[in-house]
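**Q** Now for the letters of each chain:
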Amino acid sequence: MIKVNDLYKSFGSLDVLKGINSEVALGEVVVVIGPSGSGKSTFLRCLNALEDFQKGEIYVDGIRLHDKGVDINEIRAEIGMVFQNFNLFPHMSVLDNIALAPLKVRKQNKKEAEEIALNLLAKVGLADKAKAYPDQLSGGQKQRVAIARALAMRPKAMLFDEPTSALDPEMVGEVLGVMKQLAQEGMTMVVVTHEMGFAREVGDRVIFMDEGVIVEEGNPNDIFTNPQHERTKSFLSKIL
Amino acid sequence: MTLDFGLMAHSLPLLLQGAWLTVQITILAVFLGTIIGFVIGIMRVSHSPILSAPAAVYVEFIRGTPLLVQLFLIHFATPQLIGFSLEAYTSAVVAMSINSGAYVAEIVRGGIQSIEKGQMEAARSLGMNYGQAMWYIILPQAFRRILPALGNEFIALLKDSSLVSVITLEELTRKGQLIIGRTYKPFEIWIMVALIYLVMTLTMSRLVAYMERRTKTSD
Chain A
1 MIKVNDLYKS FGSLDVLKGI NSEVALGEVV VVIGPSGSGK STFLRCLNAL EDFQKGEIYV
61 DGIRLHDKGV DINEIRAEIG MVFQNFNLFP HMSVLDNIAL APLKVRKQNK KEAEEIALNL
121 LAKVGLADKA KAYPDQLSGG QKQRVAIARA LAMRPKAMLF DEPTSALDPE MVGEVLGVMK
181 QLAQEGMTMV VVTHEMGFAR EVGDRVIFMD EGVIVEEGNP NDIFTNPQHE RTKSFLSKIL
Chain B
1 MTLDFGLMAH SLPLLLQGAW LTVQITILAV FLGTIIGFVI GIMRVSHSPI LSAPAAVYVE
61 FIRGTPLLVQ LFLIHFATPQ LIGFSLEAYT SAVVAMSINS GAYVAEIVRG GIQSIEKGQM
121 EAARSLGMNY GQAMWYIILP QAFRRILPAL GNEFIALLKD SSLVSVITLE ELTRKGQLII
181 GRTYKPFEIW IMVALIYLVM TLTMSRLVAY MERRTKTSD
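Chains as they are written, first to last, in my numbering: chain A, 1 to 240; chain B, 1 to 219.
Quick caveat, the hints were computed from the structure, so don't treat them as lab data. Among the hints, erroneous ones may be present.
What the hints assert, rightly or not - In silico DSSO-like pairs for lysine-lysine, Cα to Cα no more than 27 Å straight-line:
1. A:K104 to B:K117
2. B:K117 to A:K18
3. B:K216 to A:K110
4. B:K216 to A:K104
Computed from a prediction, not measured in an experiment: that's the story for all the values here.
Modelling step: build the complete structure from the supplied sequences, incorporating the hints.
**A** Okay, here's the thing in structure tokens:
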């Protein structure tokens, strides 16, 4: 589904990604963990070309990003993204937030788009909030709307960039619950998170990144109970 | 001293005629200036220098030269170029629109840049192209944010329209000058002219305040 070869990225003189190789299979849930500044968010943002990169290649669904003639908008339409800060559109109702892209990008008709939006709202447990505006919602509700908004495009994969990091602790569960349900339905997911419980329970594979490289990856149980690398061990001992 | 109230009453219809012309050219210039300003402002935030560089030059040139000189350039200098002269009315509207466009462009640029980066990213991540993201997500929010600044700009434009009296367009200020030329009563007439401007600017600020309330659904 997603394949990354030898990815290098720098911001000016700061090297953020130093040769990332990875692959995400269809239906797989990959959880990326690591300390702040390890490049995990940047890596995620490269996958839908929100960041460009200096070297390497990324394939999404067999299409090479950054090839001439590739319409990046078409690829982004197939990959949903959920942000740490929700990034809901504050000037639109919840329903319009979700229905906008299907209307304008997928060219669905209004009735169809709104029906799908309402169904998705029900799915994330917010059926009664269709007419509300984002600033009337709690953080957890905002993030669930953001997930519904991404799902409305019927994406083939979903990227989550620290989706619970901006939430009050008591709201983390409701968002993780929705993500877990998605995973169980077979959605391909790449999740950058500090929620180790989620990584362990829902992840098919865990990637540990530090200083722009993948230090270690594997089955969550192996990584958490028997990390091979010193850096992984020290990171996990601090966080668990 | 005593005020000549008879003259003031007598002059009112003429002054209001001038005021009506002031209103006309201001509304036209606000309309055209807003269009120019949005186009130039959006060009200025473009990543392509082919778009942003000319927009920057436009803004710098207009903001760096007096409106009065721009007015002279358009009214007296362009006929030399194009071979025919413009009516004072046309020159006034063109000069004021071009001038206001530059200030509106800066306001628009500031408004666009004040919208969090995540809004554009969220829109793009949903597959919207740059234009769609601008149109549906960034500009509506930016517009709301810049309304007060736009209101100020338009009030300033209304007052600056008095400058076009120098190209003999008989708007409010020019009408006042003409009446004074006949009656030698500057105090009465300038007071009335000032009050009429005040009524117009107050009306305008009320209008802007009303629009601010109208568009304030959330955010």
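**Q** Each hint needs a verdict: does it hold in this structure or not?
**A** Verification of the hints:
1. This hinted pair checks out: K104 of chain A and K117 of chain B have alpha carbons roughly 21 Å apart, not beyond 27 Å.
2. The suggested pairing of K117 of chain B with K18 of chain A holds, with an alpha-carbon distance near 26 Å, which does not exceed 27 Å.
3. For a cut-off of 27 Å, the pair hint linking K216 of chain B to K110 of chain A stands: about 25 Å separates their Cα positions.
4. As the CA atoms of K216 of chain B and K104 of chain A are separated by approximately 24 Å, the hinted pair is consistent with the 27 Å bound.
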